[in-house]
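A.B. asks: Chain by chain, the residues:
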Amino acid sequence: MIKNNVFDWQSFVLTTGGFVSISTFLNRESTVAKPHFNRWLVPPAALSIHLAIGQAYGFSVFNLPMTKLIGITESAPDDWKLSTLGWIFSLAIVFLGLSAAFGGTWVERAGPRKAMLASAVFFSVGFLVSSFGISIHSLPLVYLGYGVIGGIGLGLGYMAPVKTLITWFPDRPGMATGLAIMGFGGGAMIGSPLAITLMNHFKTATSLGVAETFATMGVLYFFFMMWGVLTIRVPAKGWIPDGYVPSQKVDKMITKNNVSAQNAIKTPQFYFLWFVLFLNVTAGIGVLGQASAMSQEMFKNRITPAAAAGFVGLLSIFNMAGRFFWSSASDYIGRRPTYMIYFALGAVLYYLVPLTGQAQNIFLFVAVYAVILSMYGAGFATIPAYLSDIFGKAQVSAIHGRLLTAWSAAGIAGPALVNYIREYQISQGVPPADSYSFTMYLMAGLLVIGFICNFMVKPVAPKYYSPELSV
Amino acid sequence: MENTQETQKQVPSWLIVVAWLWAGLPLAWGVWQTLQKAAELFK
Numbered sequence: 001m002i003k004n005n006v007f008d009w010q011s012f013v014l015t016t017g018g019f020v021s022i023s024t025f026l027n028r029e030s031t032v033a034k035p036h037f038n039r040w041l042v043p044p045a046a047l048s049i050h051l052a053i054g055q056a057y058g059f060s061v062f063n064l065p066m067t068k069l070i071g072i073t074e075s076a077p078d079d080w081k082l083s084t085l086g087w088i089f090s091l092a093i094v095f096l097g098l099s100a101a102f103g104g105t106w107v108e109r110a111g112p113r114k115a116m117l118a119s120a121v122f123f124s125v126g127f128l129v130s131s132f133g134i135s136i137h138s139l140p141l142v143y144l145g146y147g148v149i150g151g152i153g154l155g156l157g158y159m160a161p162v163k164t165l166i167t168w169f170p171d172r173p174g175m176a177t178g179l180a181i182m183g184f185g186g187g188a189m190i191g192s193p194l195a196i197t198l199m200n201h202f203k204t205a206t207s208l209g210v211a212e213t214f215a216t217m218g219v220l221y222f223f224f225m226m227w228g229v230l231t232i233r234v235p236a237k238g239w240i241p242d243g244y245v246p247s248q249k250v251d252k253m254i255t256k257n258n259v260s261a262q263n264a265i266k267t268p269q270f271y272f273l274w275f276v277l278f279l280n281v282t283a284g285i286g287v288l289g290q291a292s293a294m295s296q297e298m299f300k301n302r303i304t305p306a307a308a309a310g311f312v313g314l315l316s317i318f319n320m321a322g323r324f325f326w327s328s329a330s331d332y333i334g335r336r337p338t339y340m341i342y343f344a345l346g347a348v349l350y351y352l353v354p355l356t357g358q359a360q361n362i363f364l365f366v367a368v369y370a371v372i373l374s375m376y377g378a379g380f381a382t383i384p385a386y387l388s389d390i391f392g393k394a395q396v397s398a399i400h401g402r403l404l405t406a407w408s409a410a411g412i413a414g415p416a417l418v419n420y421i422r423e424y425q426i427s428q429g430v431p432p433a434d435s436y437s438f439t440m441y442l443m444a445g446l447l448v449i450g451f452i453c454n455f456m457v458k459p460v461a462p463k464y465y466s467p468e469l470s471v
Numbered sequence: 472m473e474n475t476q477e478t479q480k481q482v483p484s485w486l487i488v489v490a491w492l493w494a495g496l497p498l499a500w501g502v503w504q505t506l507q508k509a510a511e512l513f514k
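Protein chains in written order, with the numbering used here: chain A, 1 to 471; chain B, 472 to 514.
Because the hints were derived from the structure by calculation, they are not lab data. Think of the CB as a built atom: it goes at the ideal place given N, C-alpha and C, for glycine as much as any other residue. Keep in mind that a hint or two might mislead.
Claimed, not checked - Now the in silico label distances, taken between C-beta atoms and shown as ranges:
1) 510/B - 345/A: 25 to 31 Å
2) 40/A - 510/B: 30 to 36 Å
3) 489/B - 135/A: 32 to 38 Å
4) 412/A - 514/B: 35 to 41 Å
5) 81/A - 510/B: 31 to 37 Å
6) 412/A - 503/B: 31 to 37 Å
7) 486/B - 138/A: 42 to 48 Å
8) 445/A - 486/B: 46 to 52 Å
Let the hints inform the model, and build the full structure from the sequences given.
C.D. replies: Listed below in structure tokens is the structure:
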């Protein structure tokens, strides 16, 4: 069925008649790679999942057209309001966190192929249900489709390839997970222009083409993700890369033991790392949402709305690239020192942002913001390798899934914190351009707390080890 | 699955190239689109 580690569709159909062997094909045992398998086939498999589900970050491209589905040229009284549409993305992120938290153990048991297929099905069906919801103008169906069903696809897909990459690249786990999670950061850069292109294609005098775009994207993403499903492999037990000699140097921060997911959540390390992720994401998400407005208000008459959109685009490139760069660097400088950099350098840079505005130096403003966003993305990308160092590889997906609840919490806390503080300040008479300063200082403060949490991460006590677990 | 009957050949190089193109081309297109938009900032 698998020749040279490549799935052979012809023999699949001819010899099995299909259905019985589908379940065999999806089993973890069927994904075990033969000797001489090239591990560089695995990162693109992971990328095909993360690039697809990363589309979620570009969902806002649908917001404006979805407020004019009836009125077409302008919002009609029965059209959906922007405030209600915001719940679609929020629901998707909440269900990402929930499915990661509750589905992590299943992903661990089922193996990457089954989990990636489940992700592809959920994510695509989410689009199709939403498409139907849009065509009959039912917002609850869109919530159910993209928010709930699609959100579950996001969570499963986000976790699915992470452990596989760590086991294929024991010599460079940070780089490997950085590559995949970079895809999640880059997904919006594909999803947004793709959605605009499709909406323009399907647009008619009586329709904005949104429902058709959702349906098309659902089908396209399903096929795109199937590449990952078909080509993903896990290494055989005990496999190590050619020429790789595990370091004999004792590093207390890299365990050779394994901790189960059940035990991991009983350790203080898990909660310190939860806050490490939560605080890094809260600060990053908070300023990311404000980037466009902040740039225009700090540099009045110099940064236009079009230039501000370009600024946000540039930030998304740094958000993506930072995931690969910093996570790869963590393989050399260690996970804890890398997070020390995120928090220490981040706190200094957040503090500097208002000063660049006062100095009216656009270049410095952009440069500071770019580095901040690179470390925001890197916080996501480095955490799986950090968890693997602290808790071992055996159940890293399940532990990662539970930790991702920090992301959902930060998704609510970050924007709320920034928006409420800004509104309060403006109501107290602070000029809009100056209202960002306090927010930035507060975010710098959050990063200082994050620094302390990271500093508190120590090796796990032996009583939490689970010797029955193996990779 | 008849994994035991398989020959143990290496994965062909073209498959590695196709795999990276599969993921890399859409990403490169997305980055290009974003860079074009970002150029507005420096005009």
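A.B. asks: Evaluate each hint against the coordinates.
C.D. replies: Here is what the structure says about each hint:
no. : hint                      : verdict
1   : 510/B - 345/A: 25 to 31 Å : 28 Å, holds
2   : 40/A - 510/B: 30 to 36 Å  : 33 Å, holds
3   : 489/B - 135/A: 32 to 38 Å : 36 Å, holds
4   : 412/A - 514/B: 35 to 41 Å : 37 Å, holds
5   : 81/A - 510/B: 31 to 37 Å  : 34 Å, holds
6   : 412/A - 503/B: 31 to 37 Å : 34 Å, holds
7   : 486/B - 138/A: 42 to 48 Å : 44 Å, holds
8   : 445/A - 486/B: 46 to 52 Å : 50 Å, holds
Figure legend: structure checked against the earlier numbered hints; every hint is met.
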